Amino acid sequence: MSSLSYRTQRVIVVVGFLSIPVALLLLFTYYPAVRMVWLSFTNYNGYSASADWVGLDNYRTIFTNSSFFGVFLNQIPYVIVGIVQNAVALLFAIVLNSRMKGRNLFRVLLFLPFIMNGVAVSYMFQYVYDTTNGSLNLLLGFLGLEALQRSWLGDVHIVNYSLASIGFWRFMGYNMVIYLAGLQSLPNDMYEAARIDGAGRFRTVWSLTLPNMTRIIQLNMFLTLTGALSVFEYPFVLTKGGPVGASETFLLKTLETAFQFNNFGLASAMSVVLLFFVIVVVSIQNRVIEGRRSKE
Amino acid sequence: MRRIDPIQWLKYALCLLASFVVLFPPYVVFVNSFKQRHELADPFALPNSFLYLDNFKIVFERANIATSFTNIVIIIAITLVFNILFGTMVAYALGRFDFRGKSVILGAFLFAVIIPTITTQVVVFSIIKSLGLFNTLFAPILLYVGADIIQILIYLQFIRNIPYELDESAMIDGASLVRIYRSIIFPLLGPATATLVILKTINIYNDLYIPYLYMPKKQLAVVSTTIMRFASNNQAEWTLICATILLIMLPTVVLYLFLQRYIFSGVMSGAIKG
Chain A
53 MSSLSYRTQR VIVVVGFLSI PVALLLLFTY YPAVRMVWLS FTNYNGYSAS ADWVGLDNYR
113 TIFTNSSFFG VFLNQIPYVI VGIVQNAVAL LFAIVLNSRM KGRNLFRVLL FLPFIMNGVA
173 VSYMFQYVYD TTNGSLNLLL GFLGLEALQR SWLGDVHIVN YSLASIGFWR FMGYNMVIYL
233 AGLQSLPNDM YEAARIDGAG RFRTVWSLTL PNMTRIIQLN MFLTLTGALS VFEYPFVLTK
293 GGPVGASETF LLKTLETAFQ FNNFGLASAM SVVLLFFVIV VVSIQNRVIE GRRSKE
Chain B
-12 MRRIDPIQWL KYALCLLASF VVLFPPYVVF VNSFKQRHEL ADPFALPNSF LYLDNFKIVF
48 ERANIATSFT NIVIIIAITL VFNILFGTMV AYALGRFDFR GKSVILGAFL FAVIIPTITT
108 QVVVFSIIKS LGLFNTLFAP ILLYVGADII QILIYLQFIR NIPYELDESA MIDGASLVRI
168 YRSIIFPLLG PATATLVILK TINIYNDLYI PYLYMPKKQL AVVSTTIMRF ASNNQAEWTL
228 ICATILLIML PTVVLYLFLQ RYIFSGVMSG AIKG
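Chains A and B supply the protein sequences, listed in that same order.
Start counting the first sequence at 53; every next residue gets the next number (the working numbering).
Start counting the second sequence at -12; every next residue gets the next number (the working numbering).
Just so you know, these hints were derived from the structure itself, not from any lab.
Keep in mind that this is a model prediction, so the values were computed, not measured.
Please note that the accuracy of each hint is not assured.
[Unchecked claim] Here are the simulated distance ranges between beta carbons:
hint, chain 1, residue 1, chain 2, residue 2, range
1, B, Leu72, A, Leu56, 39 to 47 Å
2, A, Val67, B, Glu224, 29 to 37 Å
3, B, Leu242, A, Arg155, 21 to 29 Å
4, A, Arg155, B, Phe11, 19 to 27 Å
5, A, Phe328, B, Leu153, 16 to 24 Å
6, B, Phe84, A, Tyr213, 23 to 31 Å
Note that beta-carbon positions come from the ideal geometry of N, C-alpha and C, so glycine has one too.
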């Protein structure tokens, strides 16, 4: 190959190195997205050769029938818990970025849940939340807090908070490590200057650390919000959407519609709605960042 | 500095509390996986003997643990080979050359990040079916290779830090571009490859959705689907379920404890880019 000119080699390398990955990208990301939009206007059932055009019927169903769009309400607890999770993660990042003994050990420990198998974690929490034998209720009894004992996965009012807390347990350390990365990229002399000016610890965090961390906070919030929009694993494993549909999520509903009821047209429309929400979240976030940049 | 600093104490108190919350559920699983059923009344107590291993034996016999480990190892190994190969190739082509349409291709890869793969499964499912790969190990492999593009982003970010002078001086020596890719770029992307191998291994090992949807066949079970099937067939058999959980968590936890430095730097470098 070295006998060829670099100009020819370049063409060969660019075409040869890119063709398969680009083909895969088109086949598994862009083609499905486009086809999904098209299917969302049909009543395709997943196996017959043809489908009828139904216009906006699927979208009408989603937005007028509360058993579809209403499930988004079940995901609000995930958003709330996610925001608390980020606040806690930032707190621990600041704590574990400061000088203290054993901070490496604590970092390693707090990140540990992230690497655990999600299904195994779900079953682990089934044991934690179990009403009669669960370790959480036993622990509360042990501490004399019987009044707080609950049917954690059986009560329609708290089931989503219980499930969202599993996400908190599993991902807080992950958010923390991302915040730590942000903290470590802040210049040291900035803090030096603040100390010389006599700024206290809280003042430093409030007026120096937080304003300089907005990008990282936004990144983490984006991860948290898209995670909250597409919750699937914990309700799927632990409650199957119950009790009485209280922990159903939009994605769970989409899969059910497609693979149990063979209504691929409606399921495609649901996926498009979800995708639309994700893209809206991303663009709002990007706009906020751009706006902030241009002000500087 | 003051001698007694209340804030320093508060920090330790917070960290200890958090450590308790993190370790409490795994602790309960750990001790109960060594218990006999009549010991379950107190889930916090230590088992009578840590040498009681019958639960693990039963799980190994009944839950297909060995098969599911073999399957997941095959999937991870083949996926990683292609991820590394395609990831470095794309990074070399896009990171080193200017050509018409480059910005379109680059943009296509970047934009794909915000399309969550989970939302397009309704269509991807029929693609896999029509390729005849449903219920084969190739279904998840192809999806992890083709639909996940995080490796391309990691490599693109790393290749920028490899000085172009290295390429130039190799060209002066008359090396071909493929040779430059193979003997300069590929080895220098090593740290990125290490990060990628660890993160991808954890992701694939922990994934439920793709194996559940594409490989319902029992012989093709992987760890996530195995524990699901076993737990729903043996409801409330807590000693057995705990033993399964422990067996399945062990590999990644061990991997993590040995390689945590790389995992942290991987998560961190991914974040700064964002």
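Each hint, compared with the structure:
1. Leu72/B <-> Leu56/A: 39 to 47 Å: Distance hint for Leu72/B, Leu56/A is violated at roughly 22 Å.
2. Val67/A <-> Glu224/B: 29 to 37 Å: 57 Å, violated
3. Leu242/B <-> Arg155/A: 21 to 29 Å: 22 Å, holds
4. Arg155/A <-> Phe11/B: 19 to 27 Å: Given range 19 to 27 Å: holds, Cβ gap about 21 Å.
5. Phe328/A <-> Leu153/B: 16 to 24 Å: This hint is violated: roughly 45 Å between Cβ atoms.
6. Phe84/B <-> Tyr213/A: 23 to 31 Å: Given about 52 Å between the Cβ atoms, the range is violated.
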